[in-house]
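Visitor: One-letter residues, chain by chain:
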Amino acid sequence: MPREPLDFEDVRPIGGYDFRQLLRLRPLIRPHRALLAGSIALVLLITLLDLALPLLIRHAIDRFILPAAGGDPAAAEAALQGLSLTAAAFSLLVLLHFLFSFAQSVLMEATGQRIMHDLRMRLYAHTQDLPLDFFAKNPVGRVVTRLTGDVQNLYELFTSFLSFLFKDLLLIAGIAAVLLVLDWRLALVTFLVLPPVAVAAAHFSRRAREIFRTLRIQTAEINTRFAETIGGLRVIQIHRAEDRNFERFARLNLENYRTGMEQIRVLAVFLPLIEVLSLAAVALVIGYGGSRVPGGAVSLGALVAFLTYIRMFFRPLRDLGEKYNVLQNALASVERIFLVFDTPNPLREPPAKAAPRLSRVEELRFENVEFAYVPGEPVLKGISFRLRRGATTAVVGPTGAGKSTLLQLIPRLYDPTAGRILLNGVDLRAWPRAAIRDRLALVLQDPTLFAGTLRENIFQGLPPPSPVQEARIVEAARLDRLLERLPAGLDSPLGEGGGAISAGERQLVAIARAFARNPEIILFDEATSAVDSETEQAIQDALERLLAERTALLVAHRLSTVRAADEILVLLGGRILETGTHAALMERRGFYFRLHQAQAENGGTPPPESPCAGQTPML
Amino acid sequence: MPSLELIRPYFAESRNRILAGLGSLILVDLLQLVIPRVIKHAVDDLALAEPQTGRLAAQAGAILGLAALVGVFRYAWRMCLLGTSRRIEQGLRDRLFAHLQRLPTAYFDRTTTGDLMARATHDLQQIRMAAGMGIVALNDAVIMGTAAIAFMAYIDPVLTVWALLPMPLVALGTRFFSRRMHRRYQAVQVSFAALTEAVRERIAGVRLIQAHNCQDVEALRVERVSRDFLEENLKLVRVTGVFSPLMLLFTSAGLVLVLLVGGRRTILGAITVGDLVAFITYLGLLAWPMMALGWVTNLVQRGKASLERIAAILAEAPAIASPTGARPLPRPRGDIAFEGVSFAYPGAAGRSALEGIDLVVPAGSVLGIVGPPGSGKSTLLSLLPRLYDPTAGRIRLDGRDLRELRLEDLRRAVCLLPQEAFLFSGTLRDNLTLGDPAIPERRLEEAAAAAALLETVRALPAGFDTVVGERGVLLSGGQKQRVALARCLLAEAPVLLLDDPVSQVDFATAAVILRTIRSLVGRRTICIASHRIAAVGFADRIAVLDRGRLAALGTHAELLQRQAYYAHAFHLQAIEEAAHAA
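So the protein lines, in turn, are chains A and F.
Heads up: the first sequence begins at 0 in numbering that gives the first Met the number 0, then just goes up one per residue.
Heads up: the second sequence begins at 0 in numbering that gives the first Met the number 0, then just goes up one per residue.
Worth flagging that the hints you see were computed from the coordinates, not collected in a lab.
Possibly wrong hints are sitting among the right ones.
Said to hold, decoys possible - With the Cβ distance kept under 7 Å, some of the chain A side facing chain F (calculated, not the full set):
no. : residue
1   : L91
2   : V142
3   : F458
4   : P486
5   : L489
6   : A537
7   : Q539
8   : E543
Note that the structure is a prediction, hence the values are computed from the model and not measured.
From the three backbone atoms N, C-alpha and C, an ideal C-beta is built for every residue, glycine too.
Throw the hints in and build the complete structure from the sequences for me.
Guide: Below, the structure written as structure tokens:
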């Protein structure tokens, strides 16, 4: 838990928004343009009805009420009939208005939600293909915020901004035209307030932009903090660190509050300013226009009309302020979303034509492979070895030697920074990634399980297995004990309400998943570390049966796991120190021999030259 | 409405601000009603055709002055009212966070992280909007509505009654739709939370998804959840989409009535044409409050649905808490006794995780725990710091039931090293001290050395100040495990509970760690669960668990003699050791 002031290691773009980013949304809109066009057409119809309704009232007054007012009963009778007809027409239009409004809401929502759904799915598909490097820099909470909150923000853009674009802008342009026609001189004088409006808008949008960006970043940070606290709550509770953790969160939350207040302040200055300017326009019309009435340059009627129209003119302009707010917020999110989209994926796929076809994995060869998470700090150096079909290779070595990293190069979770890995003699990077990934099974140190049933977790994305296959896999992975505890068997849900499943059992499920994939290459990274010897032995036996025709690379600490391997790689400090069979390595009496001795001594003294030698525990 | 109680304190706390804000809002509305009067005077003057440039300038100046006042008060209400809503958001989020930290582990077994994340951001945002703009719009609607109705009544009370005839329908409609809207919003928020969790889970497991080339399958699953969210939103808009235009429809219905009745009255000479026109103008003024009312109902229902979701968490009592009036435990010795302890995970069908465990671990002794996966080893250990409470029986520390102790004291006395090491994003130092500045460097180094971590620390670019975890240096599984162990050793608790402390480290490192643990024998009570016989062999007594029951209890030698499981495990681990050590 860092005590340094809040630092958000988020990329923070500077300068103006690139409105062109909005254009990048076009491909998303294209499939839904019919719906969108329908929705816009409805907006126009509704606006027309809005304009028509007052006209109908004027018609009723001018045609029927005014002529018949106080007149003779016969004329009144006819007028009343006309009035009823007009009222009926009015009712009809009102009903239409209601129906159109409803249809428009539904249509707009459907369009907006579909576009957001598409965007979310594209972003998700893009994200889950990104190199792991991206996830090392971006905590889960942040990525999740991009996919949920930020996409949701963009949705606001569609519902409120589009309707603004087609309704309010139309209204503003129309009224400006009417004003110019009524009295161009007075109109131009009135428009004098527009440059200050533009200047104010530019100034405040610059301020607001920074604030909205900060808000988006802080929201992601809050999400991250929640996710991490929930993930590590056991540790926090056990160590009674709740108060310190809270203080740290409260600081972030306060920061977020202050940014929020800053946002309110900016808008609290901007929006009233627009209002003041609109009233200044009224004052101008009264002052300047009024002075021209007595001379006859402006008619009183025109002045009154002017005043009416100016109110109508500034209302959408003020709305523009609010809408601009929404736009800014959405733009901050668009920016974040495209930051993810624009994350380059260095793990390039070869062009489809050029890719060779893979019939069977015969051999995997590491040639002088080097790998560094951080440039200049390689964790693997000069790694060369060969994995053959049907052979089992084991990797041993102290923790932090680079064993897991080595394993993860094979499914191309990372690509080597130097050297290469050859699959059947062809560089791994020349194969489509699916070629190797579809043929391997990886069991990680911390098994990943998803919400869903046990069955879904084991047969993740595979065609439904036959009962015989199912039974074989359950048997091979020693899931029988777990299943006997779960009344619903393989259909028991994991996660919510499913009851706790232990770390060892999770490893067994992950192993079952690996078996279910029927892989040609099997990669075990400490796959049985939380499992007892008896279960491990059973899995070993199953593995040996399974491995007959396959290529296997196992990382293990227990030498019992390693012994039977065809070849053992001893890794130390990112280099291969020794290779050979168990017997050969024991013969050499090198590092492996000493590792083995330490174990044989039943956890006694460490080997003399191990990395930990010479330390004296002092508690 | 108990959930509303949640935000009441924030309203009370900033009552003066809110009152100032509402006052400003009312002033703005009133000033806006004055401005047309000024304009009317100016126009009337001009109609009299008396060229009075001075008067005109004064009137223009008056408008400018009023405009400035409107600006100032607008600024004031925005700061006061919207600021309060930000404060509510912040306050509730703090409360939510603090509360979550006090909830027992069992709560998190049945809730998803994604759901909680959605509540902490999305739901709080909805509450903020309802509490901010919702109140403003409501206030606006009430003032403008009242003013419009007053003007109408001033012109013609009878016609006003007619015009307001559809109003009861508005009330009925609001009631009818509010309830539906509320339910729909709840459904939308639930599906948003599900979406958050679906995405979160897959981002967290992206390594496996990529390695197994399962992107398409997983994307399909996310797509399903995302589509649910879409559908829920469409169901919602069927309610909100009717409601808002309906409000306007009722106003328009009033207009039709005014046209019919008012027209008749005008024709019959009861009122003048001018009156009718003015009346209709004011009725038009009523349209905005009606729309605002629709909008407010929407905002408020959404906020309420969210508030209930927050309230649901806050209502979750911390089932595991210090009892009232607990006596302190100043100097714990570390005598542990399990008395007929059974435990079943809440909501889990099938057999209990633990059944009828009777065990005594005297202070300063070592208990080893072995057993196949799922036999209850971790569960047994997690009962001691009260991550869970037994469903039957009891556990005593120094003779006192754990549930009678202050949680603070218990957790100071007992330190558990969980099976899976967890690192926070932050520096290594912070991960070890968990932010406690009182721990000196020397102790940090001692603990790191004891956990065989010091070499690793020295190899890191910034030593203890290296950033590790989610966005720092990637540590290997074994390194994480040692960080967690060092963290636990720093706690200096008299009772040390180690859940598989050497599972992910090589044997040489394990040897160092085990030596450390053995050096603590006699000074601490130690319970250690492990699959490596080497890690439990030295224990005073070893418990063999099987299917949640205590299958055997004895020393290493005794169990080798008479316990098949233990003997077999030892055999498996020792056989080749014997063969190859030679």
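Visitor: Now tell me, hint by hint, if it's right for this structure.
Guide: Do the hints match the structure? See the list:
1. Interface restraint check: A:L91 against chain F, minimum CB-CB distance 10 Å, threshold 7 Å, status violated.
2. Of the supplied interface hints, the one on A:V142 holds, with its beta-carbon coming within about 5 Å of a beta-carbon of chain F, less than 7 Å.
3. Evaluation of the A:F458 hint against chain F yields a violated restraint, the C-beta minimum of about 10 Å exceeding 7 Å.
4. Here the hint on A:P486 is kept, as its CB sits about 5 Å from the closest CB of chain F, short of 7 Å.
5. Because the beta carbon of A:L489 sits about 14 Å from the nearest beta carbon in chain F, more than 7 Å, this interface hint is broken.
6. Taking 7 Å as the C-beta cut-off, the interface hint given for A:A537 is violated, the closest approach to chain F being about 10 Å.
7. Because the smallest distance between the Cβ of A:Q539 and any Cβ of chain F comes to about 10 Å, over 7 Å, the interface hint for this residue is violated.
8. Hint status for A:E543: violated, given a least beta-carbon distance of 15 Å to chain F, over 7 Å.
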